[in-house]
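Trainee: Protein sequence lines, in the order shown, are assigned to chains A and B. Per the numbering used here, residue 1 is the first one in the first sequence, and the count goes up by one each step. Per the numbering used here, residue 152 is the first one in the second sequence, and the count goes up by one each step.
Derived from the structure by calculation, the hints contain no laboratory data. All C-beta atoms in this analysis are idealised placements derived from N, C-alpha and C, irrespective of residue type, glycine included. The reader is advised that the hints may include incorrect statements.
[Said to hold, decoys possible] Each pair of labels, with its calculated beta carbon distance range:
id, chain 1, residue 1, chain 2, residue 2, range
1, A, Glu40, B, Asp279, 38 to 46 Å
2, B, His213, A, Gln84, 41 to 49 Å
3, A, Gly67, B, Lys273, 37 to 45 Å
[As the list claims (entries may be wrong)] If you want the ones that stay clear, here's a sample from chain A, every Cβ over 12 Å from chain B, calculated:
id, residue
4, Ile12
5, Pro78
6, Gln81
7, Gly120
8, Gly131
[Unchecked claim] Taking lysine-lysine and the DSS-like style, the derived pairs with C-alpha atoms no more than 30 Å apart in a straight line are:
id, chain 1, residue 1, chain 2, residue 2
9, B, Lys238, B, Lys293
10, A, Lys139, B, Lys204
11, B, Lys204, A, Lys52
12, B, Lys273, B, Lys293
13, B, Lys293, A, Lys139
One-letter residues, chain by chain:
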Amino acid sequence: MNRELDSIDRAILNRYQGGFPICERPYQAAAEIIGISESELIRRLERMLEQKQLSRFGPMYHAERLGGGLSLCAMRIPEEQYDQVTEQVNAFPEVAHNYARDHAFNMWFVLATETPERIGSVLEEIERRTGFRVYNMPKLQEFFIGLKFEV
Amino acid sequence: MVLNEQDYRLIAEIQGGLPLTSHPYAEIGERIGLDEKTVIQRIDAMLESGIIKRLGIVVRHHELGYTANAMVVWDVPDERLNEVGEKLGALDCITLCYQRPRRLPDWPYNLFCMIHGQEREKVLAYIDRLVGSEGLADIPHKVLFSGRRFKQRGARYQ
Chain A
1 MNRELDSIDR AILNRYQGGF PICERPYQAA AEIIGISESE LIRRLERMLE QKQLSRFGPM
61 YHAERLGGGL SLCAMRIPEE QYDQVTEQVN AFPEVAHNYA RDHAFNMWFV LATETPERIG
121 SVLEEIERRT GFRVYNMPKL QEFFIGLKFE V
Chain B
152 MVLNEQDYRL IAEIQGGLPL TSHPYAEIGE RIGLDEKTVI QRIDAMLESG IIKRLGIVVR
212 HHELGYTANA MVVWDVPDER LNEVGEKLGA LDCITLCYQR PRRLPDWPYN LFCMIHGQER
272 EKVLAYIDRL VGSEGLADIP HKVLFSGRRF KQRGARYQ
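Isolated chain A (complex conformation):
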């Protein structure tokens, strides 16, 4: 059972999702703002990583600016074939997230490829292997950026 987050953990999470000091001793700088020691901050981050409350402590890249392709894709899969198609889809290394959702369009995944041109060929390959249509829904415009969870 995970240890509950205390008020210091919450302060760390709320303060450092948006950015982190870039200097020689960033943990010391960050810890000072929270009012704890460098070693305590590191210990708390290690614990939250271990308990999987954090997925990582690092960069979130802008895939397109790195030269890669990124798209959200959806499929309509009959319930009795869902598990099998999930396995086929997840076998592609370009599939980064795959969520089931409660709708006729019940499979939603993100494709991340090394080049934008690769998106189309991976989609075709998924269609060929599964026998179902893949609906490609790339981002056309972004109205808000940031994903921040107040805890």
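Dock chain B against chain A, hints included.
Mentor: Just chain B now, kept in the frame of chain A:
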């Protein structure tokens, strides 16, 4: 900014996370043959130019109790798209708001936003309230909650 070969090595080296040691940038530099100062400068430049969107804590919302993860999709008339997108994007609870293509006739929705909440009922009540308060009653929408999560990892860069 133009990325050089060293930058790509740096990108690959830190993608899984920064080391939790008192001089993390020096440690990364040691692994790829750069000094601490250069690592700091290049990361700074990548943040500045938007190649790194954010550097910091990436939370696992599910493990933090945000288990009701709703994708709300809207069929917005093209002439109202910017107005509605900006309105929704400005709301606290909405964490992403994108225009995506319709796929007619199967999929009429062109605006997608994400709401993460701790309970389905509360998320649904919140959506009902915002439809009223933002004047969106005449815009068809659907709420798609996520069920099983089969795969979650960031994109990998070599």
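Trainee: Each hint needs a verdict: does it hold in this structure or not?
Mentor: Verification of the supplied hints:
no.	hint	in the structure
1	A:Glu40 - B:Asp279: 38 to 46 Å	holds (43 Å)
2	B:His213 - A:Gln84: 41 to 49 Å	violated (25 Å)
3	A:Gly67 - B:Lys273: 37 to 45 Å	holds (40 Å)
4	Ile12	violated (7 Å)
5	Pro78	holds (15 Å)
6	Gln81	holds (14 Å)
7	Gly120	holds (14 Å)
8	Gly131	holds (17 Å)
9	B:Lys238 - B:Lys293	holds (18 Å)
10	A:Lys139 - B:Lys204	holds (16 Å)
11	B:Lys204 - A:Lys52	holds (22 Å)
12	B:Lys273 - B:Lys293	holds (16 Å)
13	B:Lys293 - A:Lys139	holds (18 Å)
Comparing the model with each numbered hint stated earlier shows that hints 2, 4 do not hold.
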